[in-house]
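Colleague: Below are the chains, spelled out letter by letter.
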Amino acid sequence: MANPISELGYKALKFVQALGNLAAFTAAVAWAIVRPPSRFGGFVRELYKLGVLSLVIICVSGLAVGMVLGLQGYHTLVRFGAQQSVGELVGLSLIRELGPVLTALLVAGRAGSATAAEIGTMVATEQLNGLRMLSIDPISLVVKPKALAMLCSTPLLTGLFVLCGIYGGYVVDVGLMKGDPGSYMSGLRSAVDFHNDIECCLLKAVIFGTLLGLIATFRGYNSEPTSEGVSAATTSSVVISSVSVLLMDYVITALWGV
Amino acid sequence: MERSSMRDFLVGLFMLAGIGGIVYLSVSIGGFSWHGSEGLHVSAAFDETGSLTVRAPVVIGGVRVGEVSAISLGNDFRATVEMNLDPGLKLPTDTSAQIVTAGVLGDRYIELQPGAEEKVLKSGDRISMTQSAVILERLIGQLVYGVTKGDSKDNKPATSEPAKMP
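Here the protein sequences line up with chains A and B, keeping their order. Going by my numbering, the first sequence opens with residue 1, and the numbers climb by one from there. Going by my numbering, the second sequence opens with residue 1001, and the numbers climb by one from there.
To be clear, the hints were calculated from the coordinates, so they are not data collected in a lab. There may be inaccurate statements among the hints.
A few chain A residues that face chain B, going by a derived Cβ cut-off under 10 Å, partial list only [unchecked claim]:
| id | residue |
| --- | --- |
| 1 | 45 |
| 2 | 47 |
| 3 | 193 |
One side of the interface only, derived from the structure: several residues of chain B facing chain A at Cβ under 10 Å [unchecked claim]:
| id | residue |
| --- | --- |
| 4 | 1024 |
| 5 | 1028 |
| 6 | 1055 |
| 7 | 1064 |
| 8 | 1077 |
| 9 | 1100 |
Beta-carbon label-pair distances, calculated as ranges [claimed, not checked]:
| id | chain 1 | residue 1 | chain 2 | residue 2 | range |
| --- | --- | --- | --- | --- | --- |
| 10 | A | 167 | B | 1122 | 38 to 44 Å |
| 11 | A | 64 | B | 1028 | 22 to 28 Å |
| 12 | A | 8 | B | 1027 | 51 to 57 Å |
Backbone N, C-alpha and C define an ideal beta-carbon position, used for all residues, glycine too.
Just chain A, same shape as in the assembly (with noise of 0.2 Å):
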C-alpha cells in the first residue's frame, strides 16, 4: 500500500473491471429486455416513481431557467436594439443544451439517487439474494423497470421542461418587458429547426435517460452491502451520471455538428 505506483496501477486496474462489469451488466439488462417476463405493472410503478413525482421540480426549474435566460438576453440584446431575438436565444439554447442537460442532472439527482439507494438496500438486506434463492432473477424483476422507465421518462421530462422554459421566458419578455408576444414566439419559429434541433435534442434526453437509468440501477447492484457502501453508491450514482451527462453531451453536439 505504500507504493505509490502499485496505488496507481491497483485504481486503474479496478476502473478497467468497473467498467467491464458495467459493459457485462448492460448486457444482461438488454437481454432481459428482450426476455418473456414483462414486468409491465413494475414499469408502471416505477414510472410513476421517477416521471410523475419528478413533474414539479422539473417544471419549476424549467419555468425559472427560462425566465432568467428571458432576463439575461433582454437586457443584453437590447442594448444592440434585438430585443425581438429574446425567443430565438431562449428557444436555442434551451432545445440544443439547457433542457436535455439539466433535466438529466436533475433527474440524476432526483430519481438516480433514490434508484441506487433502493437497490443499494435491497443488496445491503440480501433482498436480492433471497430473490435468486427463489430462481427469481433480480436484473429481471428489480433492475429492468426502474432502467427502463428512466429511459422513458426522460424524453418526456425533456420535452416538458423545454415547453416550461420556453413559456417563462415568454412571460419574462412579455409580461416584465413589455416585448412584443409576436415577435417573440415568430423569432422562436423561424430559428428552431426540426432536424436540427428537436432531432438533436430528443436524440439526447433518450442518450442521456440510458445512462442515468444504468448507472444509477449499476451503482446500487454492485454496492457493499453495508450501511455505508449503500451511501458510497448513493454519492457516486449521482456524480458518476453527472460527469458522463456533461461529457456525452460534448460527444453528441460535436458529432451532430451543430
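Model the placement of chain B on the given structure of chain A, informed by the hints.
Modeller: Chain B in isolation, oriented as in the chain A frame:
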C-alpha cells in the same frame, strides 16, 4: 402486484403530457410536417439573397403567409429560393418578390407584392419579377467610391455616377 387506479391514471396523464409536449415542440415550434407537399410551392430567382435563411418568413403587407423552404444555386448562377405558402393563397401571376431587411441590421425576409393579373399562381410556378437583397456594406462602398470620384472630377454629382467595381 397491487393495482392502483389513481397511480395508473397519473402515469397515463404524465405520458400524454410528455408526448403532447414533444409533439407541440416538433410541429408548432420546429415546423415538422408529415407530408411536405401541402401548401403552395413557388420559387423565385434572385441575384443576391444576402443572409436570407431557410425558414425565414414570407410576408404580404407585413402579414406572414409562409416561409422559405430551400435556397439553392441555379444553373445560371442565380440563387433559387423555394417558398412554401399558405395553400389557400390566390396570388396573381405577376406577383413580384423582394428580399427586405427588418430594421437596419435585422433578419432578412421576403415580401411579396401581388399584381393585377387574373390568373393565379399554382404550385411549382416561378415568380419572375424579383428584387435582390440590398447589401449595406456594398452600398456604402459604392457611395464612398462614388463620392471620391465625384470630388476628383469637378462638380459631378455623386449619385449620377454609375458605380463600377475597380
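Colleague: Next, verify each hint and record whether it holds.
Modeller: Hint-by-hint comparison with the structure:
1. At a threshold of 10 Å, the smallest CB-CB gap from residue 45 (chain A) to chain B is about 7 Å, leaving the interface hint in force.
2. Contact between residue 47 (chain A) and chain B, as hinted, is supported at the beta carbon level, the nearest pair being about 5 Å apart and thus within 10 Å.
3. A cut of 10 Å between beta carbons decides the hint on residue 193 (chain A): the least distance to chain B is about 6 Å, and the hint holds.
4. The interface hint given for residue 1024 (chain B) holds, since its Cβ lies 7 Å from the closest Cβ of chain A, which is under the 10 Å cut-off.
5. For residue 1028 (chain B), the suggested interface contact is upheld, since its CB lies about 7 Å from the closest CB of chain A, less than 10 Å.
6. Residue-level restraint check for residue 1055 (chain B) holds (minimum Cβ-Cβ distance to chain A is 5 Å; threshold 10 Å).
7. Interface restraint check for residue 1064 (chain B): the shortest CB-CB distance to chain A comes to about 7 Å, inside 10 Å, so the restraint holds.
8. For residue 1077 (chain B), the interface hint is violated, since its Cβ never comes within 10 Å of a Cβ in chain A; the closest pair sits about 27 Å apart.
9. Violation of the interface hint for residue 1100 (chain B) is found here, the shortest Cβ-Cβ separation to chain A being roughly 15 Å, above the 10 Å cut-off.
10. Against the hinted window of 38 to 44 Å, the Cβ-Cβ separation of residue 167 (chain A) and residue 1122 (chain B) comes to about 40 Å, which satisfies the hint.
11. For the hinted restraint 22 to 28 Å between residue 64 (chain A) and residue 1028 (chain B), the CB-CB distance of approximately 23 Å keeps it satisfied.
12. Distance hint check: the CB atoms of residue 8 (chain A) and residue 1027 (chain B) are about 54 Å apart, consistent with the given range 51 to 57 Å.
In this structure, the hints that do not hold are numbers 8 and 9, in rising order.
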